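K.L.:
Once you've looked at the hints, go ahead and assemble the two chains, each given alone in its own frame, into the complex.
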Amino acid sequence: MKGTYLGEFEELVLLTVGALYPEAYGVAVMDEIKQETGRKVNISAVHSAMRRLDEKGFVKSEMGGATNERGGRRKRYFELTAFGKKALDDAQSFRMKLYNRIPDISFGTS
Amino acid sequence: MSNRRNISPPKWADRFLELYCKTEFLEEIQGDVHELFEARIAKQNRSMAKVKFVWDVLRFLKWSNIKKSKRLNSNVITMTRNNLKVAARVLWRQKANAALNISGIAVGLTCFILISLYVKQEVSYDGFHQKKDRIYRAWVKEVYDDGRVFFNTTTPLPLGYRLEENIPEVEEFILFDSRETLVGRGDNRVKDELNIVSANFFKVFDFEVLKGNRANPLDELSSVVLSDTYSQKYFGDANPIGEMLSLQVGGAIHDFIVTAVVEDPPLNSGFSYTMLVSLENRPLFYSDGMMKGWFNIGPETYVLLKEGTNADGLKPKTEAMVKSLIDGSGVFGDVPVEEHYLIGFQPLTDIHLNADVPGGRYPVGNPQYVYILGAISLLILVIACMNYATLSIGQSLKRAKEVGVRKVAGAHPINLVSQYLTESMLIAFLATILGVLLTIVALPVFNELAQVNLAFELSADNVIYIILVTSFIGFLSGIYPALILSRFNVSSILRGGIVQSGGRWVRKAAITFQLLLTVFLISSTLIMRKQLNYLQSSDLGYSYDAMISVPLYADSHRGKVSEEIGTAFKNADMLKNELSKNTAFSDFGSGSHVFGSEGWVRLGFDANTGNYLQFRFLIVDPYYLDAFDIDLVEGEKFDPALDIHKSQGVILNETAVAYFGLENPIGKKLPSDKFGEHQIIGVVKDFNFESLREEISPLVIVQNVLPIFQGISDFNSGDSFIPKLVFRYQGSNLSEVSDLIDKSWSGLFPNEKLNFYFVEQSLQNQYEDEARVNQIVSIATLLSIVIASFGLLGLTILMVNSKIKEIGVRKVLGASSRSILQILLGQFSIQLIIAICLSIPITWYLMSSWLDDFAFRTDIGVDPFIFSAVITLSIVLTVIGFHAFKAARSNPIRALRIE
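Chains as they are written, first to last, in this note's numbering: chain D, 1 to 110; chain W, 1001 to 1899.
Careful: at least some of the hints might be erroneous.
If you want the footprint, here are the derived chain D segments under chain W, 3+ residues with CB under 8 Å [unchecked claim]:
#1 41-54
#2 64-72
Subject to a maximum C-alpha distance of 27 Å in a straight line, what follows is the list of computed BS3-like cross-link-like pairs (lysine-lysine) [claimed, not checked]:
#3 60/D to 1646/W
#4 1570/W to 34/D
#5 1050/W to 40/D
#6 1022/W to 56/D
#7 1050/W to 34/D
#8 56/D to 1068/W
#9 60/D to 1067/W
#10 34/D to 1062/W
#11 1067/W to 56/D
#12 40/D to 1068/W
#13 1570/W to 1508/W
#14 1022/W to 60/D
#15 40/D to 1052/W
Please keep in mind that the hints were generated in silico from the structure rather than gathered at the bench.
Given the structure is predicted, the values throughout are model-derived calculations rather than measurements.
Ideal Cβ placement from N, Cα and C applies to all residues, glycine included.
Here chain W stands alone, though its shape is the one from the complex (with noise of 0.2 Å):
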């Protein structure tokens, strides 16, 4: 009893009743819990009292006790509820308009949406690694006196150790690397791509391991671990973990076990890969060479550095261990290696979107499409918030009256303002919901049409994206038409005299454009096809229509480049010889290279002048150039049945021999004395071998390797140049080609895989990037014409409104229905001129910058101006021309019945 007057009950529970209970009712309330509480530690135990003390002011909790903030009771809150009521209302009343509006932001909405999806996925590479910021790439730089650049983010095998070991700030080192590996044992042995990588990968990156092994998936040289669709692959719905793999490696066979299953690598990460093994298997992968050259390329290395490193600080410290590791002295001459073998170090986040730095195995995007589209999607949105606008102006003259009266009731501007300000908001949420359900039901298509894989979820992010941008919306297009309300002279109005309205002039800019982002839009569309076409349709100085190319194996892959290629022609004569006995194959030829392909073997040495030059280096069988169609120029192709050209023949290419310098080249020497035996005989014409964004580069076409191969320096290959064999397939059924070159291949190669290309197919393979912003921007471009209609058509509907009276006169007077339709089409016709006019300088030096990315590029010509500008022109004319025909037609005595 004596303490009784100490213990007090719960301090928080007490704080809490403070916190929400109205101050009226506090002193009882809390009086009377008080009390129950004195009077229960006289009776019972004090925990069950404070128990119960706070069940009593959980149980007070109730609407009729809670605090209503003063500020939330204020006058703001009624307003905003009235506000609604009002903008609720007027939407009501006006359906056609509010129809209109909606539907435009929405689709704009849609647009920007969809847009944004492909930019975010671009922007976000490989951003969700926790530990994205410490990640870079190295790359390697090699400079030469005479003026050659090597710069390579595919690296030495041993740049990573030595890093490691070398600066403090390393923390750990990842090399990426990727093989083409036979799968399996004995029949069926399927060809797929192997990596390589550190064992340390899956703890540096943040792909989630879906089965097996979390902690150390790749711990065993013997680990293999799978994504999840390869473990589908392999294995069906079975459990993979355990199970065994074989692979093949180098020349032999090796068993390693499933330890994980990994998810796929996600849409948005550059790394590609289904299979992974250790790199501590890299005695199997790599020849010694490999493993202590300082000068070779092979995988890509990436570092984590430490919390707080720049990187770019880490230069000294890259130059120190390059003047201790590397004797360049063989290569350099007798000057500082340091400063000709630079390495440096690039941002994971940064790749995906820097075509400053030379691609490795990680796929680098084109920054500038990303950045148009972006700015199209924008606009797009913008040009929707001006229909808003540009609407509310032009019905600002109806509503005159209400705002009269409001000012007169004591409405400060502000209050008119947030009034007209809800109504946007009003609009562009409902807007956003239409918007969302339309991105949800079009995202398909748009993946479909724009050859994309993109997802939409309502996430966390994405809705308060989302609602930022609804807000802005509903900002943008409602407050110019709220400051012009809002500004309305009172005693003008309530008087019955004319309101100024302010926006006339700028309702006409906004038109104007409106109308020139159409005309660009759909002149630059045009353009884009026309640049397609014509990468599609040009000339390439061979014919490759159904031309079917069909990539061989080498017998080993250990053995000398020239033998490998040598395996491979022969395996290419069996398949030819299996084939022919086909009539619907014609054409055969095999090469080391085919079109539509990027990489060709590049060769460089040193002419006898010193100076340093590079070839492309195509190898083939006597057939290849006859199975193509390549012109001669001068001199003759390789003649099968004469052995001097088979082991001693070149050809050239127009190019070749200008940038060699050579006069009547045939019977002379390429520009080098380290070249073994050789002797030009031919030259052809130039053909595209490349895409057409280059130009055409010097072309060295073999027969026999040997002697070219001595007297280069380096040697620089993107593409696989293990031959391929190519013929002509007469026959329509495409099904049937897959059979019979299946039929043929099985019975020669039942161990490998089979795969063929069509050229023309490859080919246009070169252009999907511009192919896709295409796509994208034709979806931007209907859309935005879209946009612009519902504008047009609410303004005609209101222009005929307004002057529905004059109109009714005019005709009462004589005004024949042609006169009249021809004044209200005249309403927009300067508008449209202006707007066509302005869009062709934009369009012209926009477009033809981007043209200047090709090196064959079309004329923009005339055509695509005259045809964007009759498009916009039906359109324009199509949407008035209803409206305006019906009224030009209606009864007068209608107009003028009702005064």
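The shape of chain D in the complex, shown without the other chains (with noise of 0.2 Å):
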């Protein structure tokens, strides 16, 4: 079992998979990346990503029906798992704790 560290690359994955729901597959994430970070990320990334997510318990993946385009081909449709939502919460939860204690003096708003 790898270890379930989450990189910065796969969190934004694991999100984008989330945020997706039900319709989340190679392309679609990769778009949707690019969309919202504006980050170019080629698609093969992407897969290793979603693979990883998939080996260590954060998402699960099943193969979707025919499709009319890409000749036909299934796509691979992934979704959250509990423990990757719980891996996000973690993260989330952990970001906000750290960003509260940033005083407010340091913005030299006040």
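P.N.:
Here you go:
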């Protein structure tokens, strides 16, 4: 079992998978990331990240039905698992905790 | 938009994706890249989309996506990995054994590689020319009714030209000739070899042109091409192209322009050249008679045949050509010339090792030596492998339990065999690395000892050969132990019973064979040494110690032979007068040939009886025979004071007297009326003027050549017959000799280069080939002794270990160290005795056939066999003795304490 550490790009992909539910598959995730963050990523990088997340248990996947586009090939749809949701929650709360401890003074606003 | 569906991504990229991608990922990945492609087609231009598609496909080429072959992923790869791991552990556990095995095979392999390099060089002569399969050397054979046969590979000059004109299959021809020439103008002229070759020489043969005119270096009459070494010699590091080089041809000096520098001929080429000029200059080098005559010999003639020509099939065409071109009536009489004047072709790559065709300029090696050495190197490799096999079988008892457990766990015999083969392969592999390193280290030493010039490089070819040999060694040495081990009976092993190690008999035979080969090699080396010593120390019938010979120059190269010889004799006298002022020099004499050179002039004549007789011919001054202390049997030697001796005197050797059928020869004549006025004045004892390989030939010695030349019908010479001055040097300082001779020489002949030779050295050089082979065999013998010792040492360790309890019990019961030592040594004594006994007839037979090549040979005798037996015995004792002694002396408590 691989470690459950969540990398920065992995977290981004994990968030996107959650946000796109139930339409999260390779190209859609890539497009979404591009749209939301402006980051240009290669499709192969998205695939690798999603496969890693799958191995770590953060997402689960299954093949969809036949399609009209892409030569009739099926898509692999990903969805967040409870464990994945928890990992996102943890990351979020950890971040918020630290964020809240930033003293107001440091912004120099008041 | 409308035709969007018709545009598809690059097919090859799609197929490539399908090829490498794991099937479980293929659909999603292919789907995604296709979807992206379709989206891009809509937005961007097509070619951009295609490029990006390819890029995506390439980006997916990751380890995790790549299909793992079902075959590779199977049990085999896992088991191989496991086998390797087990093998490495076994080697590590038995360090001493592994070290002995690896070094044994490494030494064997080193020997094999070294000798193979030599053999490869010998068999690959001129194999590097692209057109080698179509290049042939022509030979000419004149067959006379009285039994005379003149078989030559140096051919008449017109042959090449006529072959090209008359035989359509001959695409091109190349003549190759060489000649000594003086290089330079004025002082310090140097005598060097000049090659006269057809202008197309560099088109047909693949010698690389390094500088200058690559396309056609010998295009002009004035072109001269230099080898790399000679470019350095005459022009140093400067660019020689376009520089002038003066060569003396005939009486005149001609200027040539350097047009190209070519690589030095490779070591495995039979062509030796240093300076080459075009054959179009032939009027300078050859007389009219030479250029037209069909019964002279000159250059070697090579032909390039058209693709698909069978050289043997050209016979009718050469016969027709001979019939139409050559008038044989004056030579052969009234018989069809094409049956007596034969022309044939010999493949280029066949020349070096074919001793049946006479040599021309191209060196011919002894094929026998190549086979012998090849066989020896293979045998040594085999005994190295046997070492491993015998040791592993010996070890098999220790591993019986392992085999049993594996079998119980379900191992098939095949699995066991492959496991043990992996082990031997690993050993072979490690040994190869060590062996190659050893070879690289040992090569300069080998070159030095064997007087060869071999190079070893890790080229692709060599690496492939070595890998093949390694696998062969691994397989050969591992297969037998592997089969033995895998056949063990499970139940008997695990019940704790005795394992039937079926290898005992084979093991004993293997040791015997090893010892046999060692004894054979040692005695053969000794016999070869003995013969070489005999050759070099036997009484040749003259005294040559401290004799120096200085070749002289004749004043004109184009005069009559007799005049040419006369001028050289005059020069000899001048040099003699100069040198004799120094008391260190004595015993002066001069003659047309000196001992230690092959190819003394051979003359033939038709005797009064109608027989055709041949004899060797020596032209001397009156002092030559005394200078060499040649004994007289009857009559007298040349008397310097008698003019009649000078003009008419003839001295024969004993063989000549018998050959000519003369009785009481003094005062008589040679058996033909055609000879001029002459008289036999003396007979000398036979002496070995040729190498001891040959029987002594009839020899005629004269001062004046003219009476003899009048009566001869043919003339043949392999050595220059221009006289040499010989004298004895009484001193020990060799550099002083050189200075003294040089001083006198440069005063007299400032324009000529001085050469001088020690006769003793030249005599030894005659047996260079034999000496070299002897050196190589000695090295092989030494290495085989080392390998055999490794094997014996391993077996002794094994034996002592397995008998440790027995020794302990014996000692407790009162056995002395000595009796135990006897038991241990006794193990090998029978094998050793059998090996020695068997080796004697084999060695005797093989060495006798080698000795048959020599007309003068030593007796094999018993001493080589006694020596080799003693040597082998002492080696065996030393190797075994130390360990056995230790075991015999050990405290029995240690052996018996643990149960």
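K.L.:
Holds or violated: are the alpha carbons of residue 56/D and residue 1068/W at most 27 Å from each other?
P.N.:
holds (23 Å)
K.L.:
With a cut-off of 27 Å on the C-alpha distance, tell me whether residue 1050/W and residue 34/D pass.
P.N.:
holds (21 Å)
K.L.:
Holds or violated: residue 1050/W with residue 40/D, Cα cutoff 27 Å?
P.N.:
Holds, because 18 Å separates the two Cα atoms, which is no more than 27 Å.
K.L.:
Against the 27 Å threshold, does the CA-CA distance of residue 60/D and residue 1067/W hold or violate the hint?
P.N.:
holds (23 Å)
K.L.:
Given the hint that residue 1570/W pairs with residue 1508/W, does the C-alpha gap stay at or below 27 Å?
P.N.:
violated (74 Å)
K.L.:
Is the listed coverage of the region 41-54 of chain D by chain W valid when you require three or more residues with a beta carbon under 8 Å from a beta carbon of that chain?
P.N.:
Our answer is that it holds, as 7 residues pass the Cβ test (under 8 Å) against chain W, meeting three.
K.L.:
Given the hint that residue 1570/W pairs with residue 34/D, test it: the Cα-Cα distance must not exceed 27 Å.
P.N.:
Distance of about 105 Å is beyond 27 Å: violated.
K.L.:
Assess, step by step, whether the Cα of residue 1022/W is no farther than 27 Å from the Cα of residue 60/D, and give holds or violated.
P.N.:
At roughly 19 Å apart (the allowed maximum being 27 Å), residue 60/D and residue 1022/W satisfy the hint.
K.L.:
Hinted pair, alpha-carbon criterion (27 Å max): residue 34/D, residue 1062/W. Please report holds or violated.
P.N.:
holds (23 Å)
K.L.:
Would you mind confirming whether the straight-line C-alpha gap from residue 40/D to residue 1052/W stays at or under 27 Å?
P.N.:
holds (13 Å)
K.L.:
Is residue 1067/W within 27 Å of residue 56/D, Cα to Cα?
P.N.:
Cα-Cα ~22 Å, so holds.
K.L.:
Within 27 Å, alpha carbon to alpha carbon, are residue 1022/W and residue 56/D?
P.N.:
holds (21 Å)
In the structure shown, a violation is registered for the earlier hints numbered 3, 4, 12 and 13, in ascending order.
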